[in-house]
Amino acid sequence: MTLLTTLARLEATASGRAQPLSRVRHRRLAGQPLVVIPLTLAGDPATPVAAMIGTSRADQHLLVVPQPRNRDLRLRFLTGLAQTVIGYITARQNTTEVLPATRKREERRRYADAPQIIVPNRAARDYLGLLGRSTRFQRTDGPFPVDPAVPALGKWLTFLADSADQPGSALLADLTSLLAEHWATGQSPLEDAGLAAQLAWIDPPPGMTGLQAALATEDPLRCPPAGPATDPGFDQAILEPLVRNYDQAAQAGSRAGTDRAATEITSALKSQLEPTWNAIWLAISLLRALAETAGAARRWATDRDAFTRFSSYLADGGLPQPRRDHAATAAARLDRLERAQAAYDAERALEDPFILAELRTTGEAFAGEVVSAESSRTTTTTAGRTILRPRFTVRTGDPVRIEPGRVLICPARPSQRVQIADLPRTRADVDVVLEVIQGMGTPGRPKAGAVPPIGELVSYTLDPGYWAQRDFPPVDQTPWTHGGPPARRPADHVEEPQS
Amino acid sequence: MSADCQYDPASETDKVIAAVLADMGRPGQRGIIVDSPPGAGKTTLVVRAATELAASGESCIIVAQTNNQVDDLTMRLARQDRGLLPGRLSATDYTPPAALLALPNVTVATRLDDLGGAQVILATAAKWATIKDRSWGWAIIDEAYQMRSDMLLLIAARFDRALLVGDPGQLDPFSIIETPRWIGLPYDPMQNAVTVLQAHNPDLPVHRLPVSWRLPASAAPVVSSAFYPFSGFRAATTASTRQLEFTAAGIRSSADLTLDTAARSGWALHELPARHTIRTDGEAAEAAAGLAARLLARGAAGTCERHPGGQPLAPQNIAIGVAHRDQADQIRQALAHATTADARMIRVDTANRLQGAEFDVTIVLHPLSGRRDATAFHLEAGRLCVLASRHRHACIVVARNGIANLLDAHPSDEPIHLGVRAKFPDGWEANHALLAHLANHCIPA
Chain A
12 MTLLTTLARL EATASGRAQP LSRVRHRRLA GQPLVVIPLT LAGDPATPVA
62 AMIGTSRADQ HLLVVPQPRN RDLRLRFLTG LAQTVIGYIT ARQNTTEVLP
112 ATRKREERRR YADAPQIIVP NRAARDYLGL LGRSTRFQRT DGPFPVDPAV
162 PALGKWLTFL ADSADQPGSA LLADLTSLLA EHWATGQSPL EDAGLAAQLA
212 WIDPPPGMTG LQAALATEDP LRCPPAGPAT DPGFDQAILE PLVRNYDQAA
262 QAGSRAGTDR AATEITSALK SQLEPTWNAI WLAISLLRAL AETAGAARRW
312 ATDRDAFTRF SSYLADGGLP QPRRDHAATA AARLDRLERA QAAYDAERAL
362 EDPFILAELR TTGEAFAGEV VSAESSRTTT TTAGRTILRP RFTVRTGDPV
412 RIEPGRVLIC PARPSQRVQI ADLPRTRADV DVVLEVIQGM GTPGRPKAGA
462 VPPIGELVSY TLDPGYWAQR DFPPVDQTPW THGGPPARRP ADHVEEPQS
Chain B
2 MSADCQYDPA SETDKVIAAV LADMGRPGQR GIIVDSPPGA GKTTLVVRAA
52 TELAASGESC IIVAQTNNQV DDLTMRLARQ DRGLLPGRLS ATDYTPPAAL
102 LALPNVTVAT RLDDLGGAQV ILATAAKWAT IKDRSWGWAI IDEAYQMRSD
152 MLLLIAARFD RALLVGDPGQ LDPFSIIETP RWIGLPYDPM QNAVTVLQAH
202 NPDLPVHRLP VSWRLPASAA PVVSSAFYPF SGFRAATTAS TRQLEFTAAG
252 IRSSADLTLD TAARSGWALH ELPARHTIRT DGEAAEAAAG LAARLLARGA
302 AGTCERHPGG QPLAPQNIAI GVAHRDQADQ IRQALAHATT ADARMIRVDT
352 ANRLQGAEFD VTIVLHPLSG RRDATAFHLE AGRLCVLASR HRHACIVVAR
402 NGIANLLDAH PSDEPIHLGV RAKFPDGWEA NHALLAHLAN HCIPA
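Taken in sequence, the protein lines are chains A and B.
Every number in our numbering is 11 more than the matching position in the first sequence, counting from 1.
Every number in our numbering is 1 more than the matching position in the second sequence, counting from 1.
What the hints contain is simulated information worked out from the structure, not anything from laboratory work.
These numbers come from a predicted model, not from an experiment.
Check each hint, because a few of them may be wrong.
[As the list claims (entries may be wrong)] List of simulated lysine to any residue pairs, SDA-like, C-alpha gap at most 20 Å:
(1) B:Lys43 to B:Glu287
(2) B:Lys128 to A:Pro490
(3) A:Lys115 to A:Gln480
(4) B:Lys128 to A:Tyr477
(5) B:Lys128 to A:Gly476
(6) B:Lys128 to A:Lys115
Construct all of the structure, not just a fragment, from the sequences and the given hints.
Pasting the structure below:
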């Protein structure tokens, strides 16, 4: 935790209300997201009990497994879930846009929209990944065939769960993490993983402090957990007897009896899920009130690219994703994630003064006043050409921890790149001598405003630089250092579409 | 003592190098791993292997991890064998040092085609990853434990056979991404190159360099037993070869007592009173900077095999090692205000950046000093190992009292994963081992 986040948490504790960590939103919130709240059977990690699902507060559907240990009932539930999710996804594939050809790539089409699934917390996000894993290999032929929608659901959920690891992706978002990016509460990060308690600090009911409201959410009767794990008291006192009633009716062969028991189970589970449902829509409206950054739209376009690629992969009869990555796919994925993380961090620092302020405390950015400038300074290259290299000096009291020679960027002049030419440290203040290396024009035609005038307050942070995608060998050419090509032709292998 | 008199470190090292070269000569031997403790003559081995390969007409490339390492190897290679033609391949935005450009037999270029008839080509792993469609008979990979296995995957097609050299006791490579996705897979891309190579090729021969040329006789047994419990190594020099003396006598201050203890025994623990502090502990920083300045002020001089007549300690022979960058900053500021003007030229850096460097005296701010908790980062054996194995004469540890209690209150609780080999020693054990030794050289501040 950084200095400013710690300070914000202390202020939240003192004032009884969460403090903002950012006033802009770095991730797209779709106009019509699909909210999913999964519940699982205690002690049985991949056995769903219920899911509340829908695209608006009013559009609420509840899917329930009356006897979660019964495979047929579970499959019926998964088929229902698959139809809802795939129906939602298919509706995002209605309109496409055409991207004109560029120097590097041909003209291509991409969907104008993409699915966005919102879950209450990180555990629910992981749970959808788990459901994907348990359903994507189900067979639609053989002795126990399942509905084709079930493995299709598995592939989509796996795609969404994998994309959620990509920094900045908005295809599958968990609310507690999103809220934690924007508000510091007066409780621990562990407690923030409870959606109700976190919301209690951010938006406490009138007349209550965040702490009082958060303490009130600890009563599982008033405020059942947001899942996927259910409240043990509810399991023991309500769910278990009702499921037993269902079993007895099923054994007796009474259709009316099982129907009645199923209705009771449904209404019991609804009482568990509804408070979370309302909390989710409250959280979404709080997040919608924040202004979205330009970077969010750019990353949403990346998400739509990934969605388009995976859609056409499935349309071509794509096989389920393999259980484990191969050596080359793992390395390529790590490379992709690292590049996405670096880009996401850099874009946020430029678009969000709160994040820039945090970087100033850790010495990765600085702000100060321009105390001198040589806007027409030139140097000669080794080839003998005269080039414009203006310099200016920024005086700052920030703890600058950047070595000379590093390239920096600034929010006020996005096209400009500067390099630290010198960093004399003599007094408490540091004079940073910066040389403009990009965006200054030529000696004959200097670009106006490229060099900040004396007296201007400027801030600079590290340029992550361009970092080309690395070419890993194809899976069937894995070198001997990594075990050679897999013995079996990877029949279930997905060559994940590269960006 | 009689056994010691007969022990000849140079011939012991030569025996291992000869065994490595013999393995390289065996047809069908795809890879050889050489584990090297701190300062064991790793570069000498790399240079020897490269010249032998070049002499026998084998095509060979050398892979190192940073530009500094590549420059250093290139210069060593070029000076060792004036007839050899090394080629230094570099990125376009890289400026090679003047000393390298001055060597007549070295070619420097940014493209392979411009290297002409270079017999041995040297570049960073990142640069090799950009080369396509060429391959060589041999690759010598230096600092292989600092290289991530995904990098090895990128460059593996460039060579048929490989010699990997590195120090297994240092810090592992890291990633900015945290994910449990690949834990336990034999080709986990976050693991170091040697671990992954061994997981797939368990029969590769592993050689160990037996002697540390850097660490003094006072440090080799301590570092060996704390951080290399199974492989062991010894010092090349004896206690009488390395001497540290002061031209100015000390006053009876605790700083001077600490320096005297370090000069006498090779180790000293400068112990501040127990206190929980923030990471940038002002008193500890002042103490570390003060000791360094005092070392210069008292005119410390070292006698060793390179300088049998004694050599005064210059600021560049001293380093201060810390765990975090803000601590380094704080100590640099304290040094800037020191009364000894040269003190600001002393290198202050984190363990990550000190890897591979060598100094006469090091002052170490203990990673656990003043902490309330012992996190995996601060417990990491590699971090302490780097800090405690940079010196040729003496190592002074600055710490607050209470680290042993802190360790006992935080037993290792890292999760155990299937398919992941346990690492020895763990940080908890290594920390205790070093503390137990330092307890004999403790001076309260």
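Hints, verified against the model:
1. B:Lys43 to B:Glu287: Distance of about 36 Å is beyond 20 Å: violated.
2. B:Lys128 to A:Pro490: Given pair B:Lys128, A:Pro490 holds - Cα atoms ~19 Å apart, limit 20 Å.
3. A:Lys115 to A:Gln480: OK: A:Lys115 and A:Gln480 at ~14 Å, within 20 Å.
4. B:Lys128 to A:Tyr477: The given pair, whose Cα atoms are some 15 Å apart, holds under the 20 Å limit.
5. B:Lys128 to A:Gly476: Within the cut-off at roughly 16 Å; holds.
6. B:Lys128 to A:Lys115: Violated, at about 23 Å.
Violated hints, in rising order: 1, 6; the structure is consistent with all others.
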